[in-house]
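Peer 1: Produce the complete structure using the sequences and hints provided.
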Amino acid sequence: MATATLSPADKKAKQVSQSYWSLVWWKFKKNRIAVIGGIILLTMYVLICLFAEFVAPYDLERRSSYTEAPPITIRFIDDQGKFSIQPFVYQYERKVDQAIRRRTFVENPAVKYPVSLFVKGDSYKLWGFIPGDIHLFGLKTDDPKAAMFLMGSDSAGRDYFSRIIYGGRLSLLIGLIGQILTLVLGSVLGAISGYYGGAVDMFVQRFTEFLAAFPDIPLFMALAAAIPQYFSPIIVYFMLTLILALVRWGGLARQVRGLILSLREREYVLAAKSAGASDSRIMFRHLLPGTMSHVIVIATLSIPGMILAETSLSWLGLGLRPPLTSWGVLLQEAATVYAIRFAPWLLWTVPFIILVILAFNMLGDGLRDALDPYGGR
Amino acid sequence: MAEKLIEITDLRVQFDVRAGIVKAVDGLDLTINRGQTVGVIGESGCGKSVTARAILQMVPKPGKVATGSILYHRKAKEGKKYERDEVLEITKLSSDGDVIRQIRGGEIGMIFQEPMSSLTPVYTAGTHINEALFLHRLIPLQKVGDQMAAEMMKYRSMTKEEARNEAVEMLRRVGIPKPVERVDSYPHQLSGGQRQRVMIAIALSCRPEMLIADEPTTALDVSIEAQILDVMRDMQKTYNMAIMFITHNLGVIAEMAEEIVVMYMGKQVERAKTVDLFYNPKHPYTQALLKSIPHVGKRTNERLATIEGMVPDPFHLPNGCVFHPRCPKFMPGKCDKIAPTYQSVGEHHWASCLLYE
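For the protein sequence lines, the chains are A and B, in the order given. Going by this note's numbering, the first residue of the first sequence is number 1402, and it counts up by one from there. Going by this note's numbering, the first residue of the second sequence is number 112, and it counts up by one from there.
Just so you know, not all the hints are guaranteed correct.
Okay, the calculated bits of chain A under chain B, using three or more residues with CB under 8 Å as the criterion [as the list claims (entries may be wrong)]:
id, segment
1, 1662–1671
2, 1678–1690
16 Å max Cα-Cα, derived EDC-like pairs, lysine to aspartate or glutamate [to be verified]:
id, chain 1, residue 1, chain 2, residue 2
3, B, K172, A, D1680
4, B, K186, B, E114
5, B, K271, B, D295
6, B, K172, B, D196
7, B, K172, A, E1666
8, B, K115, B, D196
Across the chosen pairs, the derived CB separations fall in these ranges [said to hold, decoys possible]:
id, chain 1, residue 1, chain 2, residue 2, range
9, B, V198, A, L1620, 54 to 62 Å
10, B, D207, A, P1629, 39 to 47 Å
11, A, S1681, B, E200, 22 to 30 Å
No wet-lab data here; the hints were simulated from the structure. Don't be surprised by glycine CBs; every beta carbon is placed ideally from N, CA and C.
Peer 2: Put into structure tokens, the structure is as follows:
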């Protein structure tokens, strides 16, 4: 008797009494907006962070002679009005418009390139070690003049859509990694501060106040300027993540401290103590889990801030720099009157940023309601 | 012959707060033997709970043990993390050290008044019991070194599965129905009585030498109370465990305890065997306390007897005997001048009152 395996009767009983997380999931599922936000984010993170090489039709640094070409139209009906189930694009032909003294591109209906899924293209190494050359979609042709720029191309003739995909990888990850660091730092220091109180609390709280009182941008500037120029781009990237986390943990630490302050007076802390649990065990096993639902919501809602911080820093030229590509770096390229006047498709990054941030807010709001499954509404 | 387990001599616990010093426990002498139940009664704020906390070296922050000693007679036992008999002075132990943490839970278990909030809401009943088991229970692994003079035992911690089985077994013993299912229940899925049973299961899962029950049934209704008391008595018999039973419910204590200590304003005013105390109370405070119990079946129009006056302000304790402003046997010129000492007033019966000096 009394084995760890469950008999059918026990399984039935398990269904009757729902655990906290299954209640949360049940309530979350009912919130359609939050589910949509979650799906958008999941798709973006999977496609962009894990499979950017596969999703992007071109390599990040693949240059072509089509500089600043406008977005191309994918067509099903050709100029004779014939419909084909296979989508295709026309060849781009370069012309010089003498009136405005600018290079322009016009479509040449004589040459058609079919667009299909899973085509061979630039070779890549997925996650750095899986070699491949199949892309999600692209042109099925060997003609070196063939090009498909979904969102136009930049001044070096690189496919802008591919750049947005690759750039999103850094921008999305900086939000996630930075937020995880913030979460760890904030909850550990908040827990220590709230649990011990006294001088420790005083020190941690004054320190967070000091950080909060500092104006953000100059602090970022100073810290970012402290990253040596000769560091490799990837180290710069992690340094920037670290800087963002170091500046932003204070708010979370204060919230966790507040929660711990109220939780530590509960009887179960006394009970745990009288059962011989150590301070760290009480803090991290008994108190912190109680704050998690709150912390997850705050964390989700502040990832957009992290992404925006990276974007604005890079835009200012203080964060990531080329050859690293992030959404901030891409926006920096678009931040000229010239670009907005003659190559407005370089602003395609903006809808992506807005979409991610909206999705995070939708998800966060849904989580806030769902993580309190016993509450009203 | 009864073996001593806890010996408290002249324990004084003081809280140093801004308004002055509060003497929460002011000179307590108490011996608890193995397998014995000692009751501690008194009004709210008389220092019962602080005494219990002091035994576990858990006096809350501004408070500290000023003088006195608490001796704990440790006895080596199979499945414990220590190997020899020794006498530990608990007040000298570091309040966050390894030794006191072994004692807490492992050797002296404690259960609280509020079963509703004494369980961490994010863990199941089983997880709570397992935590205690992992912290304190060891399982004999093998005997090594038979050729050596002393035989040594090797121990290991419990595995997850063993702990789970043990948790189910403990829940069954404390009388929780369907323990195999309940082991996976979260605190909010259990009733008050069940939660208190889980608390008892946690405290008893490590086979402690002593259980401190700090008003364990105050928050429960009467029928559950009786069941809980039964469970505690059963467990006491099974494990030969001492119980320190703190309550202000005289009915409960009469049923449970062999010996009773009455406290008033941090002072121990009377100590006697249960029967003696109820039939032959010596101290006027105890007498008044016993008179204020409502009786079943006797219907009179008399009002229930109360103790006159109010509990004094702890910062301004009266001179002499602290009880004198409320005492029905107040002797002017004596009680308000001279502090009574603790006197033997009969066989195994002590009181601190000037009537007997």
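Peer 1: If a hint holds in the structure, say so; if it doesn't, say that too.
Peer 2: Results for each hint:
1. 1662–1671: Holds, because 4 residues of the segment 1662–1671 of chain A bring their Cβ atoms closer than 8 Å to Cβ atoms of chain B.
2. 1678–1690: Coverage by chain B holds for the segment 1678–1690 of chain A (6 residues, Cβ < 8 Å).
3. B/K172 x A/D1680: holds, 14 Å
4. B/K186 x B/E114: Answer holds: B/K186 to B/E114 is near 11 Å, not above 16 Å.
5. B/K271 x B/D295: holds, 14 Å
6. B/K172 x B/D196: The hint is violated at about 31 Å.
7. B/K172 x A/E1666: holds, 12 Å
8. B/K115 x B/D196: Cα-Cα ~13 Å, so holds.
9. B/V198 x A/L1620: 54 to 62 Å: Check passed, 59 Å falls within 54 to 62 Å.
10. B/D207 x A/P1629: 39 to 47 Å: Given about 44 Å between the Cβ atoms, the range holds.
11. A/S1681 x B/E200: 22 to 30 Å: For B/E200 against A/S1681, whose Cβ atoms are near 26 Å apart, the range 22 to 30 Å holds.
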